[in-house]
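Engineer: Sequential numbering from 18 applies to the sequence shown in our numbering.
In short, the hints are calculated from the structure, not lab data.
A virtual CB, placed ideally from N, CA and C, is assigned to each residue, including glycine.
A couple of the hints might just be wrong.
For lysine to aspartate or glutamate, the following EDC-like pairs were computed, each having C-alpha atoms within a straight-line distance of at most 20 Å [what the hints assert, rightly or not]: (1) 210 to 235; (2) 162 to 109; (3) 378 to 347; (4) 134 to 115; (5) 378 to 338; (6) 462 to 92; (7) 238 to 171; (8) 138 to 109; (9) 238 to 192; (10) 462 to 574.
The following label-pair restraints were derived from C-beta to C-beta distances [said to hold, decoys possible]: (11) 516 to 386: 28 to 34 Å; (12) 261 to 114: 52 to 58 Å; (13) 250 to 347: 45 to 51 Å; (14) 156 to 206: 28 to 34 Å; (15) 287 to 402: 25 to 31 Å; (16) 118 to 514: 55 to 61 Å; (17) 261 to 535: 31 to 37 Å.
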Amino acid sequence: MNAPRRNRNRSQFNLRNRMLMVGAGLGLCAVTLVGRAAYVQLVNSDFYQRQGEARYLREVPIATSRGMITDRNGEPVAVSTPVASIWVNPQELLRAPERIPGLAQALSLPVDELTSKLTQKADKEFMYLRRRMNPDVAEQIVALKIPGVFAQREFRRYYPQGEAMAHVLGFTNIDDHGQEGLELAFDEWLRGKPGAKKVIRDRKGAIVESIDLVRPAEPGKDLTLSIDRRIQFLAMRELRNAVTANQAAGGSIVIMDVATGEVMAMANLPTYNPNSVSGATPDARRNRAVTDLVEPGSTMKPLTIATALQNHVVTPDTIIDTNPGYLALDRRYTIRDVPRNNGVLNVTGVITRSSNIGAAKIVSRLPDQTFYNSVRAFGYGVAPHSGFPGESAGVVPVPGSPGWSGTTKATMSYGYGLSVTPLQIAQAYSALANGGRVIQPTFVKGQHSEAREVIDPAVAQEVVRMMETVVTQGGAKQAAILGYHVAGKTGTARKNGPNGYERGHYNLLFAGVVPATNPRFAAVIVVNDPRGALQYGGLVSAPVFHHVMEGTLRLMDVPPDDIQSWLAAQAAGKVGGNPVSNPAVLPVPQDPAEPNIDAEFDAAMPTAIAPQPAATEVRQ
Numbered sequence: 018m019n020a021p022r023r024n025r026n027r028s029q030f031n032l033r034n035r036m037l038m039v040g041a042g043l044g045l046c047a048v049t050l051v052g053r054a055a056y057v058q059l060v061n062s063d064f065y066q067r068q069g070e071a072r073y074l075r076e077v078p079i080a081t082s083r084g085m086i087t088d089r090n091g092e093p094v095a096v097s098t099p100v101a102s103i104w105v106n107p108q109e110l111l112r113a114p115e116r117i118p119g120l121a122q123a124l125s126l127p128v129d130e131l132t133s134k135l136t137q138k139a140d141k142e143f144m145y146l147r148r149r150m151n152p153d154v155a156e157q158i159v160a161l162k163i164p165g166v167f168a169q170r171e172f173r174r175y176y177p178q179g180e181a182m183a184h185v186l187g188f189t190n191i192d193d194h195g196q197e198g199l200e201l202a203f204d205e206w207l208r209g210k211p212g213a214k215k216v217i218r219d220r221k222g223a224i225v226e227s228i229d230l231v232r233p234a235e236p237g238k239d240l241t242l243s244i245d246r247r248i249q250f251l252a253m254r255e256l257r258n259a260v261t262a263n264q265a266a267g268g269s270i271v272i273m274d275v276a277t278g279e280v281m282a283m284a285n286l287p288t289y290n291p292n293s294v295s296g297a298t299p300d301a302r303r304n305r306a307v308t309d310l311v312e313p314g315s316t317m318k319p320l321t322i323a324t325a326l327q328n329h330v331v332t333p334d335t336i337i338d339t340n341p342g343y344l345a346l347d348r349r350y351t352i353r354d355v356p357r358n359n360g361v362l363n364v365t366g367v368i369t370r371s372s373n374i375g376a377a378k379i380v381s382r383l384p385d386q387t388f389y390n391s392v393r394a395f396g397y398g399v400a401p402h403s404g405f406p407g408e409s410a411g412v413v414p415v416p417g418s419p420g421w422s423g424t425t426k427a428t429m430s431y432g433y434g435l436s437v438t439p440l441q442i443a444q445a446y447s448a449l450a451n452g453g454r455v456i457q458p459t460f461v462k463g464q465h466s467e468a469r470e471v472i473d474p475a476v477a478q479e480v481v482r483m484m485e486t487v488v489t490q491g492g493a494k495q496a497a498i499l500g501y502h503v504a505g506k507t508g509t510a511r512k513n514g515p516n517g518y519e520r521g522h523y524n525l526l527f528a529g530v531v532p533a534t535n536p537r538f539a540a541v542i543v544v545n546d547p548r549g550a551l552q553y554g555g556l557v558s559a560p561v562f563h564h565v566m567e568g569t570l571r572l573m574d575v576p577p578d579d580i581q582s583w584l585a586a587q588a589a590g591k592v593g594g595n596p597v598s599n600p601a602v603l604p605v606p607q608d609p610a611e612p613n614i615d616a617e618f619d620a621a622m623p624t625a626i627a628p629q630p631a632a633t634e635v636r637q
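Can you build the whole structure from these sequences, using the hints too?
Structural biologist: As structure tokens, then:
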């Protein structure tokens, strides 16, 4: 009777303990869950928030436009236009292969080609399909609602002036970053900073809602150039006419404001279309006026004479005997003035008649180092620091170096044995026109550097007056502009090739300033390797100066400084109107002493003196 009662009590006792244990366990679990929830929600919420947002929240870029480039008058020469790029998530699209043919048709791509591209990027989540499309066309493709296909807003550079300003402006790449020219030089200034915003995307990648602006887009800054697009177009047109008419390999032209150093125009041939760079060769993209070196030829003589006048070794009236038309150097080489013997000249006559012998005799009175220092002071052998990428410093031999021989100074005096760029020649002639002060060239309007005096203003003025005789009496009559005094110098330099100077290949130059009595502009024209009948700077490059600069003077409202010649021409019935609105060049008689265009120019290459040297010509 007693045993069953003890078993029942034991069962009741065990059930109670078990209930307590179960309750305690459940309570512990509840506390753990509450603690975990508190930890997740309060302590470690940032981590889980990021994990959740990563599945629906995205930060997308906000495209920004590149700064506009304008000419000096505010006319746009480089602008950014909105475009769109189509991109795809290959993983998502490959899960819907039946939509690939429709996408290929919309993109005008073969289905096999598109499928192959997607397969190659099957492990990626991003791939461009087409860049820089018309935004309307891109919107039509997105409207097809093909899985994984989206559009992205971008900007593309457009150059309204096309080939005319290609070498100055350069171009941008597909990501709108500057690659050459001023686009590269001022890339950081022009580029701007893209913005960013947070958006919610659905499972298909489409944007559902914009949540927050992370940072606003900052457009690039605008840039105002010193270039005048009207003068630039005029310069390119006349350069092209000269290159085409004379069957030349190319050419360059530079126009500078002598007082400020601002480059008003710079053009080169061959050129390219910056709106479609893919078809252009590296040779066509090169800005030859800044990067290519030429021997300056007789355009060097005014600098030689300026140095001699500055150092008081000659005066404008000093007599220089150039008889008998050739000059021996070191008993091994000869310099010639041919086909004529210029006889006895004064220093002005050396420039007027472009006498190599006269220049060599004048420079012989100068110490080597003095002449070298002066050439460097004018900017030869020194980078112009114009801000243009890739500009060349040129080559000027140093006295006492292996490149300096007993004949170097003599040949340098008339433009051989040193190499410069057209921009450097323009800078040097600007110095002569600017009272002997060299100023750093610039492509930015209003960005002027301090001028540096290299010769006395009186000496500079005297040399400019001497150069006027080249246009009125010498070989550059075709550079004359009715109503204006023009000063300049021609040059015809034989080209230097792998095996020395090349027979029959020349660079034809003209460098001048106008108006000569109160100079405003300096211009340099180089025509490279003409194959036509005319092979002289005075006959090929000087006419380009005339056509370009008469238009420039009119566009810039520069008053005439030679009104008497215009009045005389008007009285003769050759012109009408006024000299500013109707500039012209008067017909001039041919110089009876003009060299025979079929003759060769041997003065560039000193040759051994023979007992009776053969007559060869000097190119003007």
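Engineer: Against this structure, judge whether each hint is valid.
Structural biologist: Cross-check of the supplied hints:
| no. | hint | in the structure |
| --- | --- | --- |
| 1 | 210 to 235 | holds, 5 Å |
| 2 | 162 to 109 | holds, 12 Å |
| 3 | 378 to 347 | holds, 13 Å |
| 4 | 134 to 115 | holds, 16 Å |
| 5 | 378 to 338 | holds, 9 Å |
| 6 | 462 to 92 | holds, 13 Å |
| 7 | 238 to 171 | holds, 17 Å |
| 8 | 138 to 109 | holds, 11 Å |
| 9 | 238 to 192 | holds, 17 Å |
| 10 | 462 to 574 | holds, 18 Å |
| 11 | 516 to 386: 28 to 34 Å | holds, 32 Å |
| 12 | 261 to 114: 52 to 58 Å | holds, 56 Å |
| 13 | 250 to 347: 45 to 51 Å | holds, 50 Å |
| 14 | 156 to 206: 28 to 34 Å | holds, 32 Å |
| 15 | 287 to 402: 25 to 31 Å | holds, 27 Å |
| 16 | 118 to 514: 55 to 61 Å | holds, 58 Å |
| 17 | 261 to 535: 31 to 37 Å | holds, 34 Å |
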